[in-house]
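Engineer: Below, each chain spelled out in residue letters.
Protein chains: 2
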Amino acid sequence: MEIKDFVRDRAIEARKGARALLRATSEQKNRVLTSMAEGILAMREDLKAENEKDIAYAREKGLSSAMIDRLTLTDKRIDEMAVGLREVAALPDPVGEVVRMWQRPNGMTVGRMRVPIGVIGIIYESRPNVTAEATSLCLKAGNAVLLRGGSEAINSNRAIVGVLRKALAGAGLPEGVVSFIDTPDRQAVMEMLSLEGIVDLIIPRGGEGLIRTVTENSRIPVLKHYKGVCHVFVDRDADLPMAEEICFNAKTQRPGTCNAMETMLVDEKIAGEFLPLILKRFSDAGVKIRGCEKTREIFGEAEPAEEKDFYNEYLDLILNVKVVRDMDDAMDHIATYSSFHTETIVTENYHRAMRFLREVDSAAVMVNASTRLHDGGQFGLGAEIGISTDKIHARGSMGLEELTCTKFIVLGTGQIRE
Amino acid sequence: MEIKDFVRDRAIEARKGARALLRATSEQKNRVLTSMAEGILAMREDLKAENEKDIAYAREKGLSSAMIDRLTLTDKRIDEMAVGLREVAALPDPVGEVVRMWQRPNGMTVGRMRVPIGVIGIIYESRPNVTAEATSLCLKAGNAVLLRGGSEAINSNRAIVGVLRKALAGAGLPEGVVSFIDTPDRQAVMEMLSLEGIVDLIIPRGGEGLIRTVTENSRIPVLKHYKGVCHVFVDRDADLPMAEEICFNAKTQRPGTCNAMETMLVDEKIAGEFLPLILKRFSDAGVKIRGCEKTREIFGEAEPAEEKDFYNEYLDLILNVKVVRDMDDAMDHIATYSSFHTETIVTENYHRAMRFLREVDSAAVMVNASTRLHDGGQFGLGAEIGISTDKIHARGSMGLEELTCTKFIVLGTGQIRE
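Order-wise, the sequence lines are chains A and B. Start counting at 1 in the first sequence, then tack on 23, and there's your number in this note's numbering. Start counting at 1 in the second sequence, then tack on 23, and there's your number in this note's numbering.
Since the hints were derived computationally from the structure, they do not count as laboratory data. This structure is a prediction, so every number in the text was calculated from the model and none was measured. Any given hint could turn out to be false.
Because identical chains cannot be distinguished in the list, a pair is counted as satisfied if it fits within a single copy or across any two copies.
[As the list claims (entries may be wrong)] The calculated DMTMM-like cross-link candidates involving lysine to aspartate or glutamate, where the alpha carbons are at most 25 Å apart (straight line), are:
| # | residue 1 | residue 2 |
| --- | --- | --- |
| 1 | Lys39 | Glu382 |
| 2 | Lys27 | Glu198 |
| 3 | Lys292 | Glu75 |
| 4 | Lys189 | Glu219 |
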């Protein structure tokens, strides 16, 4: 069969699955998720055996040890997959919620009901646990998935998909709810991205290169999760001990994440007092500083920051530091260099706090809190499929609600248009 | 200058305009909209003179009279533009609304604030009044626009844009808030669609061909308004006089609109009683019927419906009629042939009404109301930029809220990630 038809058939299978899910109750979906968790644990040895094949092939191909690490299904990761499935089962179901309902002068009632999106295409790289994780969130929100994992994980993914589909069949739901593009052919991704009208949304999970390829080639809307170049601005009226804790946490608590701080902006009025303290603490913690001229006057250890550094997502113990004239200067810097993921102001000044909240155009804008707190769990969304730096459909942490859309419902009593 | 750079410069001008709008108050925006309305009326003769140039050229090129009609700025249309601008000024401002706000166990407050999207690209065809109409809605929601009208209306559009920009300058806002791609070069549209990161959203306004070209070529999210193949299903438990009024209204009240009924589905249990009455009434009103076999047995006047007819948006006094076994059969038909715009069930049966509401996957699903009521004004949204048949970002009637997005705001007191 040609690759085009093969991918299309899988997508149509998912479409039929999506239609069946429109009738599924929360209880049914939760039973399936629980039975998927049981299946994952019951098939542990099989999953590991299939995973071994992928690892052997990856070694043969000379893939990096980081890549092989991401690929490996350890006992811990298998346990985590099962725990994740059960956690999603325990979350409240977003589907069916009537977001708002109002009455019109002619007596008809109009409302917005939260409903599944339909078929969500997930395109991901080497981590096979994404197969269970992404599926669980989409399914809970009533969506079928069309999965396309990394070719290096194909045996592991096929085995996991087998377990998930068996649980669906056991609950009387079509296996097509979890459809898997079981081919290493790279053309399959391009075919998937052209299935407008069958696939409703594409979520790429992986590095910037993958996301860019998907965005540039998709005719289907894409929920993107780009890089995080996050800023903390320490205002002249900051509580400096608080600023120190927030900045230190934002940079060092887990530097490899998208919500870690990459650039610290400091008002010139307090730079002389604040920078020696915090930069010494960063330095002691192994953080390398790239500073503007004024920063380097205060802290000689800092290397000079070049302009391109300010665009950089280091994901590492490296920090840009820049002394700014005032908050407007800081906001200009953010408007130029930010990836509009998360920005924080540390201040006790009410007027500037309110202006920063309103005028900074990022997915999350914070006053007196660490950028590291921008996260579905920390925000109380329950689960997170990613953090969108886009503005369309979803922005910032995406939970189950972002995997739904709304439709208008009208309860009439015979109304017609006059 | 190369077309690529020209379009990019206009877009960057709009981007700067968008940033300035982040600080604009509702009062400022309303003053600008009112002054735009005054400008349109004051410049009436100039607008008509510029419009004459476009009409003369259109005649020379031999454009159809329907096209020339759409292009023409009559006094009435100029008045309507001014009225529209004032109406939008009077609507509540969606920006700044905090949609929800909650507290986390660590004491930080998390909320979602409604904010402008940024720069919205409007690509439209021959009607020059779209220039003022689309701009007013985008501007009220805090967005800058990048306008690309039909080349046949370029003189009219340039003149209208001149009036709008003058009003902005008068209010101390940058003229770039309304940016206009003042060239008939067709390549300009393609360049516009590649400006990811500068333009946030594209709204095409026009026929299916335009929308398809835009969707297939855009790297920027597109808000689409495709065709409406809308259905009314008359259930076996319908109140038949009510069903007759709803069906008649849905088809004939204004047949050229996207929310008019194109196919009527009738439960076989009541077809014998219902069809003779309604089809006679349709026939008397000049509606041509294309019926399934059973319909033709009951109503000999009907022509046979071919399968392709069921996909058709007639926008005319033509109606498909099909007798179905039951509601499931009707829902199967809808799932196959609908454009998922608007569907209605007429029934007094509670169970089937609830199932239809939940299981039909269209932008608006109605019980006992005419499909013609799916409209921003009728729903009480205040104004409408279109009706989305997409599921991402906006679905169904799009008002001012659909021209905004939300961002997370966090009010902290020094919270860090543990």
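Engineer: Next, verify each hint and record whether it holds.
Structural biologist: Evaluated hints:
no., hint, result
1, Lys39 with Glu382, "between (45 Å within a copy, 13 Å between copies)"
2, Lys27 with Glu198, "within (21 Å within a copy, 48 Å between copies)"
3, Lys292 with Glu75, "neither (59 Å within a copy, 61 Å between copies)"
4, Lys189 with Glu219, "neither (28 Å within a copy, 42 Å between copies)"
The earlier numbered hints that this structure contradicts are 3 and 4.
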